[in-house]
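Novice: Chain by chain, the residues:
There are 4 protein chains.
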Amino acid sequence: MNSITLHDAQKRVDQWISQFEEGYFPPLVQIARLTEELGELSRAVSHETGVKKPKSGEPLHSSAEELGDLLFVLICFANMQNISLDNIFENTMQKIEKRDTPRWTLKKDFKHVQNEEN
Amino acid sequence: MNSITLHDAQKRVDQWISQFEEGYFPPLVQIARLTEELGELSRAVSHETGVKKPKSGEPLHSSAEELGDLLFVLICFANMQNISLDNIFENTMQKIEKRDTPRWTLKKDFKHVQNEEN
Amino acid sequence: MNSITLHDAQKRVDQWISQFEEGYFPPLVQIARLTEELGELSRAVSHETGVKKPKSGEPLHSSAEELGDLLFVLICFANMQNISLDNIFENTMQKIEKRDTPRWTLKKDFKHVQNEEN
Amino acid sequence: MNSITLHDAQKRVDQWISQFEEGYFPPLVQIARLTEELGELSRAVSHETGVKKPKSGEPLHSSAEELGDLLFVLICFANMQNISLDNIFENTMQKIEKRDTPRWTLKKDFKHVQNEEN
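Residue numbers (our numbering), protein chains in the order written: chain D, 2 to 119; chain B, 2 to 119; chain X, 2 to 119; chain P, 2 to 119.
FYI, nobody ran anything at the bench for these hints, they're computed from the structure.
Note: identical chains are not told apart, hence a pair may lie in one copy or across any two.
Using 30 Å as the maximum straight-line C-alpha spacing, the simulated DSS-like pairs for lysine-lysine come out as follows:
1. K12 to K53
2. K53 to K108
3. K99 to K109
4. K12 to K96
5. K12 to K54
6. K54 to K99
7. K53 to K96
8. K109 to K54
9. K109 to K12
10. K108 to K54
11. K108 to K12
12. K54 to K96
13. K53 to K109
14. K99 to K53
15. K108 to K96
16. K109 to K96
Throw the hints in and build the complete structure from the sequences for me.
Specialist: Below, the structure is given as structure tokens:
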């Protein structure tokens with residue numbers, strides 16, 4: 002399977018949403034939606050760690066399925082706000098590479114991976 | 002700018018994490034990390050809607066910046082669990098296209114975008 | 002109805018949990034539980050605002066019911082960590098009264114309610 | 002120290018908020034506030050478990066302090082929606098006592114604590 006680009010993933014979500022009169026939810030509803038989906042992912046992970054038993058009759062979704070829903074809502078939020086996932090991914094990676102390297106223990110056999118421009 | 006594929010985004014995050022002895026956090030720490038980042042995104046959106054005023058001296062990050070951090074932690078979670086973002090994105094889109102179409106009002110001038118196999 | 006004290010609410014939850022071999026969940030599972038319950042509250046509020054329509058067949062719980070569940074899990078977390086709700090409520094109120102008064106517009110006919118010691 | 006009742010805790014928060022022209026935030030802003038506070042609690046717990054190291058210069062709040070903030074926002078939400086914490090606590094306890102007993106292993110030396118009417 003070819004991997005989809007961030008740009009095309011945003012476009013596919015937009016094409017689906019744009020069919021409908023309702024369009025995108027307002028920003029705070031989208032935040033509530035993200036919280037809802039993260040809650041479902043949290044439940045799935047709690048069950049998968051084996052500590053928490055599901056209620057009898059409770060539908061079981063895998064963490065993979067719930068992560069897909071969270072990614073979808075994240076893309077909806079980006080689309081509605083005209084945020085490019087490529088831009089924010091690049092910016093976050095550059096920030097982390099600059100800021101967080103001293104927080105962790107570098108493996109001996111690893112040459113430090115760094116953003117070339119810095 | 003060329004758009005990065007989901008596969009290459011996962012690989013870039015993995016290369017960064019793999020330099021360090023600590024590696025990926027355990028699943029429940031990652032869930033706590035997602036909640037933390039979603040909390041920061043929620044604060045940014047509350048401020049941007051203009052209803053909530055920031056505390057004096059409170060650092061202001063844009064919702065775009067916070068969304069980048071959330072995407073990064075989402076990718077960390079996927080990597081640690083060996084989840085392919087391509088698979089879960091495709092599965093969620095197919096589920097939504099099947100399940101949610103009757104929930105919304107189709108625009109008159111739109112031909113329904115649908116998963117071809119259905 | 003007489004109102005229950007914070008102390009007795011903590012005690013009632015502890016008596017229920019203490020019957021069982023499993024006892025309290027570990028801290029990070031409790032955080033995941035809080036996220037799960039906040040997600041359900043978010044869904045209830047999204048539905049009650051009328052913007053988001055429930056999926057067909059989706060069970061509808063009121064925000065009051067979901068808030069009760071969130072309060073229960075919050076008390077579980079406090080109990081497990083030996084946190085007194087009385088202490089943290091008092092500390093938060095004093096912090097807010099000191100810190101946040103200048104952020105808001107005092108009503109003309111209100112004498113400022115303040116922590117007497119300040 | 003005498004323990005405060007749920008009713009008086011709601012009243013104290015209401016007296017503080019009612020001084021200000023702004024009053025309570027709208028429901029979805031309150032949900033975003035709850036997510037924000039839960040995110041801060043999540044961070045505190047991640048740090049306290051020792052797996053995640055704080056960023057250099059990152060302010061450290063205890064989980065007790067963050068739980069106090071979460072409780073405050075939970076009470077704000079209840080007040081704004083005219084929800085009695087006594088009612089929702091009682092309803093949740095009765096639901097849990099009825100529904101969840103078979104999910105867990107009763108200790109041998111414990112007489113089952115149960116809602117008397119059942």
